[in-house]
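Asker: Starting from the known structure of chain A, arrange chain L on it as the hints suggest.
One-letter residues, chain by chain:
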Amino acid sequence: MIPRPKVAIIGLDCAPPELVFDRLADRMPFVSRLRGQGLWGRLASTDPPITVPAWTSMTCGLDPGQLGLYGFRNRTRYDYTSLAVANAVSVKAPRLWDMLGQAGMRSIVLGVPQTYPPRPLNGLMVAGFLTPDEESEFTYPPELKGRLPELCGGPYQIDVRDFREKEPEQVKEEVWNMTRRRFSLARRLLSEQEWDFFMLVEMGPDRLQHGFWGWFDPGHRLYKPGNPHENVIPAYYACLDQEIASLVGLLPEGTLILIVSDHGAQAMQGGLAINEWLIKKGYLRLKQPRPEQGPLRPEMVDWPRTLAWGEGGYYSRLFFNLAGREPQGALESAQAEEFSRRLAAELEAMAGPEGKPLGNRVLKPARIYRELNGLPPDLILYPGNLAWRSLAGLNQGRIFAQENDRGLDHANHAPFGILVAAVKGRVQAGSGLGQEDFAIYDLAPTVLRWYGLPVPSRMIGRALDMGEPRVPAG
Amino acid sequence: MQQGFTLWFTGLPDSGKTTLARLLARILTEKGFDVEVLDGNELREGLSPKLGFSREEREDHNRRVGYLARMLNRHGVVSIVAVIAPYANVRQEIREKNKDYMEVYLECPQEVLVSRDTKGLYKKALAGQIKNLTGVDDPYEIPENPELVLRTDHKSEQECLTEVIWLLERRGYVSPSSGYTPEEEAKVRKHLENLSYI
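Taken in order, these protein sequences are the chains called A and L. Take the first sequence: its letters are residues 0 to 473, numbered as in numbering that gives the first Met the number 0. Take the second sequence: its letters are residues 0 to 197, numbered as in numbering that gives the first Met the number 0.
Next comes chain A alone, as it looks inside the complex (with noise of 0.2 Å):
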């Protein structure tokens, strides 16, 4: 194979700065080294900080309204019920790997979410979160899946399935084997194959703290010091950075390194119930009798007396229900802009429980993307600023909650990841000093830089200066 230069892209989803660059980066003594040797900081997510689209963006260098995903559940129709999930066919973009190829570079991409199904590639691809499961092909080529479980040494698992229903330390258990599957799956890969790009996408970190933050944050409102569970997101954070190290250790020099999450995480304080409070504002109106809870379903739902409506989930997405465009839509287009302008005001307004303002961010995707593909939705909310979770089920009336409508849940995401960026084997000049905040769109234009292939224009972020790629020797 002609000697050319790699790129190592390790991704650890929703790992956030202030645990890897701080709180724990004692435990990470490894990663900590590499931070001295390159360039490391706070990598700005999409909006919404979430991972689809955020791993999609980095992965093609463009944002959410470029790609026309704005969530993982994206309108098909401007109707009540059309939010279809997403997945590989959903990108119309090409990826990094995808470019490379055309070049003639090969490839090895191991669980990277939206790559289900997965499509043909120059090399080999384990496609990632939102595969359906184990049974689904989801591999290329496909006689890969076979090897699996002799690849990394036990049944391959591409994500923790019934994480609600299951005990704390079983989910605990299944994220550690799941991590540690897939790292032996890598090394292996990395050791047989021929190869110029890897990226790797482990969902452990998410899942973890997910599930796991109260115990852990002293922050969190339910957390208690000496829990039997505090020490779990600490330790797994020390395991990762030895299967980071291990992994590492098997990279040509001269590999840049990238390590990164998509966005970060936080303490979450409760659930915002939106279509409570749209109903509350006269906004969101229900046929009578109204149900008191549970999912809101398009029948329950006035529409021609209805405004607009919100979807949940760890941020929320708002709909108008404009006439001559939904259905049954009410809002007249000429008031649409001065109906956008006061519900983004009344969200910012709003208090919390407490009487204080909850901090609500509102963004209008006009505005913060450079197209609007497909259909995006009318206003993008960050519940107190991302604090809190959008619940979209009916609650009694009440507008915010204590646990979400599908049971306790720790964390929500936060806009900022994490970005680590070195060569194997050299010092950057200037490095490890301070930090700075890079973007999740800068790290295709890297990654084709490294390689001297040109950057789309279309592709919005810049290109980090790594020095002069060395072509590795092996």
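The set of hints was computed from the structure by calculation and includes no laboratory data. Quantities reported herein were computed from a predicted structural model and do not represent experimental measurements. Hints are supplied without guarantee of correctness; some may be wrong.
Unchecked claim - Covered stretches of chain A, as calculated for chain L (at least 3 residues, CB under 8 Å):
no., stretch
1, 83-91
2, 154-163
3, 311-318
What the hints assert, rightly or not - Listed below are the simulated DSSO-like cross-link pairs for lysine-lysine, each with C-alpha atoms no more than 30 Å apart in a straight line:
no., chain 1, residue 1, chain 2, residue 2
4, A, 91, L, 130
5, A, 279, A, 355
6, A, 91, A, 363
7, L, 49, L, 96
8, L, 49, L, 123
9, L, 154, L, 122
10, L, 30, L, 123
11, A, 363, A, 280
12, L, 122, L, 189
13, L, 186, L, 30
14, L, 98, A, 91
15, L, 49, L, 154
16, L, 96, L, 30
17, L, 189, A, 286
18, L, 30, L, 122
19, A, 91, L, 186
20, A, 91, L, 154
21, L, 189, L, 130
22, L, 98, A, 144
23, A, 91, A, 223
24, L, 122, A, 165
25, A, 165, L, 49
26, L, 118, A, 144
27, A, 144, A, 165
28, A, 144, A, 91
29, L, 130, L, 118
30, A, 280, A, 355
31, L, 186, A, 144
32, L, 123, L, 154
33, L, 30, A, 91
34, A, 363, A, 279
35, A, 91, L, 189
36, A, 165, A, 223
37, L, 154, L, 118
38, L, 30, L, 130
Here a beta-carbon is modelled for each residue, glycine too, at the ideal position from N, C-alpha and C.
Answerer: Coordinates of chain L only, in the frame set by chain A:
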């Protein structure tokens, strides 16, 4: 009327142009397209019987093929071209004139091509019995920006075709599959609910 487009397989003799063109034609026909395969092995006799193999004559012949492909596209017919097209300048001209044009470069090392040699041309050329065989004593200018590069010594026919279909889906010429079956989407939704992502 369905939209026509031109997909041009370019590459050295025996790189797989005719094979992939015919297999692709079958797939697109099953999808409801009207398809015409413009195969270099047959075209010369009908389109350019008096042209030889000098540079100028090859350029002229390729321009005629490009024109024919374009005319078919105008009437909603897909043109799948399996012609070497060795010169970058003519490929560029055709690209500029044919609005819906995609180039697929079939890359294959010469030793593999010589081992295939389905028409015995490499053997004759290497023995000096024939002249002007592209890749032996006539040049082939490798495409710099094709829409797709396929290493036909590394990939199976099925893998190559999958990549071509995916290119056509990305470009909007072929409707993509939705990605999930209804059962798969239901499983993923349940998983997302379980994770509180929705």
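Asker: Against each hint, give a clear statement of whether it holds in the structure.
Answerer: Hints, one by one, checked against the model:
Under the rule that three or more residues need a Cβ within less than 8 Å of chain L, the assignment of the stretch 83-91 of chain A holds, with 7 such residues. Chain L is given as covering the stretch 154-163 of chain A, and this holds because 5 residues of the stretch bring a CB closer than 8 Å to a CB of that chain, at least three being needed. Counting residues of the stretch 311-318 of chain A whose CB lies closer than 8 Å to any CB of chain L gives 3, which reaches the minimum of 3, so the coverage claim holds. At roughly 45 Å between alpha-carbon atoms, residue 91 of chain A and residue 130 of chain L are farther apart than 30 Å, so this suggested pair is violated.
Between the alpha carbons of residue 279 of chain A and residue 355 of chain A the distance comes to roughly 18 Å, so the proposed pair stays at or under 30 Å and holds. Simply put, residue 91 of chain A and residue 363 of chain A have alpha-carbon atoms about 23 Å apart, close enough for the 30 Å limit, and the pair holds. Among the hinted pairs, residue 49 of chain L with residue 96 of chain L is consistent with the structure: their alpha-carbon atoms are about 25 Å apart, no more than 30 Å. At most 30 Å may separate the alpha-carbon atoms for a hinted pair to count; residue 49 of chain L and residue 123 of chain L meet this at roughly 23 Å.
Only pairs whose Cα atoms come within 30 Å are accepted, and residue 154 of chain L paired with residue 122 of chain L is accepted, the gap being roughly 25 Å. Among the hinted pairs, residue 30 of chain L with residue 123 of chain L is inconsistent with the structure: their alpha-carbon atoms are about 41 Å apart, more than 30 Å. As the CA atoms of residue 363 of chain A and residue 280 of chain A are separated by approximately 20 Å, the hinted pair is consistent with the 30 Å bound. Of the pairs offered as hints, the one joining residue 122 of chain L and residue 189 of chain L is violated, with about 61 Å between alpha carbons and a cut-off of 30 Å exceeded.
Note on residue 186 of chain L and residue 30 of chain L: the hinted pairing holds, with a Cα-Cα distance of about 29 Å set against a maximum of 30 Å. A hinted pair counts as satisfied when its Cα atoms are at most 30 Å apart, and residue 98 of chain L with residue 91 of chain A qualifies at roughly 20 Å. Taken as a hint, the residue 49 of chain L and residue 154 of chain L pair is broken in the structure, with Cα atoms around 37 Å apart against an allowance of 30 Å. For the hint pairing residue 96 of chain L with residue 30 of chain L, the CA-to-CA distance comes to about 27 Å; that is within 30 Å, so the pair holds.
With a CA separation close to 28 Å, the supplied pair residue 189 of chain L and residue 286 of chain A stays within the 30 Å bound. Distance restraint check for residue 30 of chain L and residue 122 of chain L: the Cα-Cα separation of roughly 39 Å exceeds the 30 Å cut-off, and the hinted pair is therefore not satisfied. Of the supplied pair hints, the one linking residue 91 of chain A and residue 186 of chain L holds, its CA atoms being roughly 23 Å apart against a limit of 30 Å. Proposed proximity of residue 91 of chain A and residue 154 of chain L is supported: the alpha carbons are some 23 Å apart, at most 30 Å.
As the CA atoms of residue 189 of chain L and residue 130 of chain L are separated by approximately 66 Å, the hinted pair breaks the 30 Å bound. Restraint check for residue 98 of chain L and residue 144 of chain A: the C-alpha separation of about 41 Å exceeds 30 Å, so the hint is violated. Only pairs whose Cα atoms come within 30 Å are accepted, and residue 91 of chain A paired with residue 223 of chain A is rejected, the gap being roughly 47 Å. Among the hinted pairs, residue 122 of chain L with residue 165 of chain A is inconsistent with the structure: their alpha-carbon atoms are about 68 Å apart, more than 30 Å.
At roughly 78 Å between alpha-carbon atoms, residue 165 of chain A and residue 49 of chain L are farther apart than 30 Å, so this suggested pair is violated. A C-alpha spacing of about 39 Å is found between residue 118 of chain L and residue 144 of chain A, which places the hinted pair above 30 Å, so the restraint is violated. Only pairs whose Cα atoms come within 30 Å are accepted, and residue 144 of chain A paired with residue 165 of chain A is accepted, the gap being roughly 27 Å. Between residue 144 of chain A and residue 91 of chain A, the direct Cα distance comes to roughly 25 Å. Compliance with the 30 Å bound is thereby established for this hinted pair.
For the hint linking residue 130 of chain L to residue 118 of chain L, the alpha-carbon distance of about 15 Å falls within 30 Å, and the restraint holds. This hinted pair checks out: residue 280 of chain A and residue 355 of chain A have alpha carbons roughly 18 Å apart, not beyond 30 Å. At most 30 Å may separate the alpha-carbon atoms for a hinted pair to count; residue 186 of chain L and residue 144 of chain A meet this at roughly 20 Å. Taking the CA atoms of residue 123 of chain L and residue 154 of chain L, the gap is near 27 Å; set against the 30 Å cutoff, the hint holds.
Of the pairs offered as hints, the one joining residue 30 of chain L and residue 91 of chain A holds, with about 21 Å between alpha carbons and a cut-off of 30 Å not exceeded. A C-alpha spacing of about 23 Å is found between residue 363 of chain A and residue 279 of chain A, which places the hinted pair at or below 30 Å, so the restraint holds. A distance of roughly 25 Å separates the Cα atoms of residue 91 of chain A and residue 189 of chain L; the hinted pair therefore holds under the 30 Å criterion. Only pairs whose Cα atoms come within 30 Å are accepted, and residue 165 of chain A paired with residue 223 of chain A is accepted, the gap being roughly 21 Å.
Our distance criterion of 30 Å between C-alpha atoms is met by residue 154 of chain L and residue 118 of chain L, whose separation comes to about 22 Å. With a C-alpha separation of about 41 Å, the suggested pair residue 30 of chain L and residue 130 of chain L falls outside the 30 Å cut-off, and the hint is violated.
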